[in-house]
Amino acid sequence: MKRLCYILIFAVLAACSKNEKVQENATPPLFKELDAEITNLDFTNTLTATDSLNILDYLYYYNGGGIAIGDINNDSLPDIFLTGNQVSNKLFLNKGNLQFEDITETAGVAGNSDWNTGTAIVDINGDGLLDIYVCAVVGINGLKGKNELFINNGDGTFTEKAAEYGLDFKNYSTNVAFFDYDNDGDLDMYLLNHAVHTVNTYGPAEIREKRNEKSGDKLLRNDGDHFTDVSEEAGIYGGPNGYGLGIATADFNNDGFTDIYISNDFHEDDFYYLNNGDGTFTESLKSKFGHTSRFSMGSDAADVNNDGFLDILTLDMLPDDEKVIKASMGDDSPDIHKMKSERLHYHEQFSRNMLQINQDGEYFQDLGLISGLAATDWSWSALFADYDLDGIQDVFISTGIPKRPNDYDYIKYVSNNQIQKELSKGNKIDKKAIEMMPSGAVENRIFKGTGNLNFKDLSGSWISKDSIMSTGSAYADLDNDGDLDIITNNINAPARIYENLITENNKNFLKIKLNYKKPNIHGIGSKAIAYQNGQQQIKQLFTTRGFQSASEAVLHFGFPETTKIDSLLIIWPDNSVQKLSNLNLGQTIYLEPEGALKKVNYAELFPKNKLWFTKIDSLPGLDYEHKENRYQDFDRQKLIPYQISDRGPAVVVKDINGDGKEDIFFGSAKFDKSAVYFQTKNGFEKQTITALESDAPSEDISAIIEDFDHNGENDLLVVSGGGEYYGENKALLDRLYLQQDKNFSKVKFPEYFENGSVVKAADYDNDGDLDLFIGSAAVSNDFGNIPKSFLLKNNQGNFSIDNENNLGKIGMVTDAIWTDFNSDGQIDLIVVGEWMAPQFYENQNGKLIAYKIEGDVKGLWQSIAEFDIDGDGDKDYLLGNWGLNTKLKANKENPLKMYYLDFDNNGRTETILAQKKNGNYYPVNGLDMLVGQLSYLRKKFPDYKSFAGKTIKEIFDKEQLAKAKVLEVETLASGYLLNDNGNFSFKAFKTPLQIAPITSFLEYDFNKDGKTEVLLGGNYFGTIPYHGKFDQLAGIMLQSVDTFIEAKDLGINFTQKAVINLNILHLENKEYLLVTYNNRKPEVYKLN
Amino acid sequence: MKRVLLLLLSISIFTGCADEKSTPKETVAISAANYHDVLDKITNVMVHDIFSPPVASRIYSYANLAAYEIVAQHNPELESLTKTIGADITIPALDTTKAIDYKMAALIAQLEIGKTLIFSEVEITDYSDSLFVNWKENDEDVFINSKEYGMQVADAFKQWIDKDNYKQTRTMPKFSVYTENVSRWQPTPPAYMDGIEPHWMKIRPFTLDSSSQFKPERHPEFSMEKDSQFYKELMEVYEVRNQMEETGNKSEEMAIAKFWDCNPYVSTQRGHLMFATKKITPGGHWIGITKVASQKANLDFDKTVYAYTTTSMAIADAFISCWDEKYRSNLVRPETLINKFINDQWKPVLQTPPFPEYTSGHSVVSGASAEVLTKLFGDQFQFLDDTEVPYGLPEREYTSFRDAAKEAALSRLYGGIHYRAAIENGLDQGISLGKHVVTTLNVKTL
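Protein chains in written order, with the UniProt record's numbering: chain A, 1 to 1088; chain B, 1 to 446.
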């Protein structure tokens, strides 16, 4: 009996543990991690810090080694070369079955340099034998040696011949890439170098124009038996400030020439070199990328969204663990950030991984945050591939650093205590100081691509959660089973093989090996496009990827469940094209150019529809430019979540002077005069309206032009705001200018001192004149407080606040619309705003009664428009929100919270933003930000580790939190209120409409198809660098629930500009789109 | 017999105690050395917590003044300084009927105010706990009474301190550097920190009727014209550095610059590593000199507290006066101009501290401190200044406080962080303010 009992208990226990395991590993491992004991891949990049060589003396001491893969003995098995920093390099012969043999000694490739970094395997002389190029760091702290080129003798031995080829550089080299930049059939070389000096002062960006032998990058042209440095003539920067850590080559714009993306660490910009096709490049980062990673490290280029254009992922070091985020130095303060961009002319950079999606080569959109790839902590190498053979790219990211130099406590407290102690003893500080730095041994990451540019973190499932520090990484099909295995070079740990197990039960792969013309025998630069079920996938063959490494020269595809693909196009490096049809999957094919091949026509391959718009340089006489006044909300309200002072200007397009032509009113920022332009015969003429001049101190946020007093002439009403004036400041008053005999005069208007945001007119009391709704945004200097919004009744141009329709404190209103949402013939009102739900008011015979809807969702709503999105004949409403490409997260169950209270009892209120992570609410801001406003917290948290990982409840007292007013956001997604028989429910838009805040909608029949479309504009820059810059929305045309057209196909591009207003403008029987931005000139597009 | 002896003993103890109650007795020998120790402890925590020079001066002055007011309650020769300056604080009277060690009470008040004003409380708590255990073991009654009184005084101080506008200034607007005007201050390398304490002129002073009472002469008009006074002074900063470079690291100018650096937070980068090199503030250095002088003059406990208190009040007011001018004139640092117009690779010997240039804080503070110390200890007071030894710097010898102050002021030119006008006018500003403090507080020679 007793025994039985035990057995039962055991069984129960076993069942339990089994269940747990199943739950933990919902996704079974995709990779098997193989140790050196099994594979004999016996290589460890051991670092031994010495007095003269350590992280204090060489800033890239912890960057680790690289990997190069290639079949050096032509036995069809890829061999592995690993570089060591202080240890010798090793070459391992692949013996099959994942068994390796160390042949370094006999091959003679151990190397003669003191410190090796990146490497590549390449057939440099086109003799059919793969050679090895190894980078070295030479010249600092006594490091000797040079970059070496081991030429393959074909008998298992190599001879070092870098000098003969002119490639024996003694630089601070990071990595190398071989590709044919001038399309002359041979492989040229890009040498990626790095500066070693400490960043004590930021020179202006222009210092990159000077060349520096040791740290400047170099482009070397292959002239047959030697290489020539063509950097200068080709337009490649080689300055003293280049902290080159990543190189990606790809034909990004599909013009048949290879372009280059260089990742630079620290403040130096990344470089995007577009190949001009004539042997030169044009560095085009600022025009093509709104922002980039800041501490840019490794990268990889791949077509992630299968649109035929190669995208790029650049790595950085943003942590995702609360304890690490709050203890680590990250982005700059707003002032330093501005100084770098405005005074020193660096581009916008933020510390996070960025997934830059290529929009037909015209511009890139960073979708890192929305994709789930933004935060992988200290990251070195990224490798895109279809590891699980489902037709969608996955990505492996190697991470980890032995010592984390950006730990705040270390920088501010720990290091100093140590230094002080040692100094007083007269000792050297170095060793102890280094030992006390915290470890950054974080796990390698793998993400499964799940479509729609989403990635799921499967670290801990597909691979184990390790604590090894992996730097260089490469992929290859080491066991020739059709899937891609991964190899990592690790610091102080043996190199690791991740054996991919997918082909054990899924053979949906196609592996392509190329045999091209000499000397580029492996066809580096070739593209392959696979077509299947209307889906295309494109790959371009370059081996240098990730970080300091080169992968196997193979084009590898995976497909969703099928055994065949329809066709495959191979575009050879000379742009000749070859087509194969009806290919079976589960095989490796070997291709060479066959017959007389035609050149590819990229325009046909990636056809463009007719564009909807054509950009016009300017319209005659329209010289308006909006200049936002210099004011930073964060200087006055340090914890404000975003600025409120940069939401203008007001714009109205309407006939002002009664000549039947559309004129324009532009509002202005504080102290600037608003501008009125009358349309003339073929353009515009600026007017001087005396009544407006004296109101220059007001910031004009919204305006309306109507004949309010029924005298046959249009009048002007301007709403003042700007988030700067507070209290009873006259500049906050809204102003009504009535027109009589072509003269404007300011007339009496109700006085209230709110930070206005919107005015909308309608005759809601049905008495024949236009009444007003005037909404107020956040309260200046008291963010979190709720202002009053008003209904104003019109009596022949005499307005009075409608006290019978007291709307009260609706919220921080941003937009409103008069619309008969219940189709009862009476005009109703909908108001939207930040930290509130869309508020419906039903008009019941002139009384506006709050009306509850199902889609009662609190958002950071920016805009609203009426549009029958589902084409069912009733009115739906589009809602612009903050978007999902942000660090902020919110949903109905776990809303984003903002606590509003005078936390420190000093008579000034504060707002504390908190969001939920792993079941707890954490403050969004770090300790320094909080202490900047709430100095008492410094006593509670004298260091960073005591603060890091603390929940909002642990940071603030219970009583405080109970007393605070809590504002919430339940969704950040833009979307629409779907009208289902008067029932309005909220539906979110698709990903391309979520990449930035949407501030404007313009409903119009743009393409003259008899149906209305809606053009969406947005972007917003008023956040601290931690949140980045929302500058990625290029504009998008919404046609129905599922159809929208992206900017690249419309002919517009609003990226890097903050759209405030979209208007249609008629001039000489032509239609134009007028786009008004905050803090820059408006742009004009002609409708095609 | 035994019993009798016991009885006798108890009587004598009893009577002894009763005697002491009328004239408070020192149960443990608390000396000036204890006072120095406590202040050193507070200094160490301040260095660790990284307090900027003005904020540090506030901590020193209140901690000393709280202790001093207790001493003044006990010593009829000393006047209450809070009364002298007409402060809105009532110091609880010393209850002479209780067994209170006024020195112990003074140290307790000093520690309590120190603890309240620094961040890392645990450092002070650990330190005071070890003291308290000793004192309690020695005589629990005296300890409890002294502690009670010390805390009463500390509480009165806390209420008074709370009204000095410090809390309000924490949340006042950040100093905006947005201007195209090149004469305006800009953040400086390598950390490009925000301008610190832009509202310090709003802090309640001890002896000043307003923060602008000792408003210095205006600095030479900003000009990049080669023959202008301003430009000449800019070039002097540039050339002094070049000359020093020629002489090498062993030059006297280099030694002076480094000795008087007194920058509480020098952000250092080596390789990929960032760390802080911390030192005491200019005020902290003069507190150190006060210690050196007090020890040399062999001052007793009361006089030691008096010396520290009067000096630290002068230092605090000096910062208020100096900061008033700094954010009024808002003048650009030499490093910014030299990098922009003369040599983009130039670096000053010292790291430029994060606030506007005019006047030099160290000059004002040194001028003011030296005046008070000269009054306290006399004009020709020779001393060996070892204040910076814990921070890896050598000792230096001076023939007088004014001599030291002049050198401290000039060190800013050698350090490459101030023009001559900020030094000379700053020193004048400090001297005038120091003389005013001497008069207002009626500082006596010890």
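Hint data in this document are derived by calculation from the structure and do not stem from the laboratory. Computed from a predicted model, the values in this text were never measured in an experiment. Think of the CB as a built atom: it goes at the ideal place given N, C-alpha and C, for glycine as much as any other residue. Incorrect hints may appear among the rest.
Here are some, though not all, of the chain B residues that point toward chain A, as calculated from beta-carbon distances under 8 Å [said to hold, decoys possible]:
(1) L78
(2) S120
(3) E121
(4) R170
(5) K174
(6) P187
(7) K444
- Hint numbers the structure violates, sorted upward? Hints 1 and 7 contradicted; others consistent.
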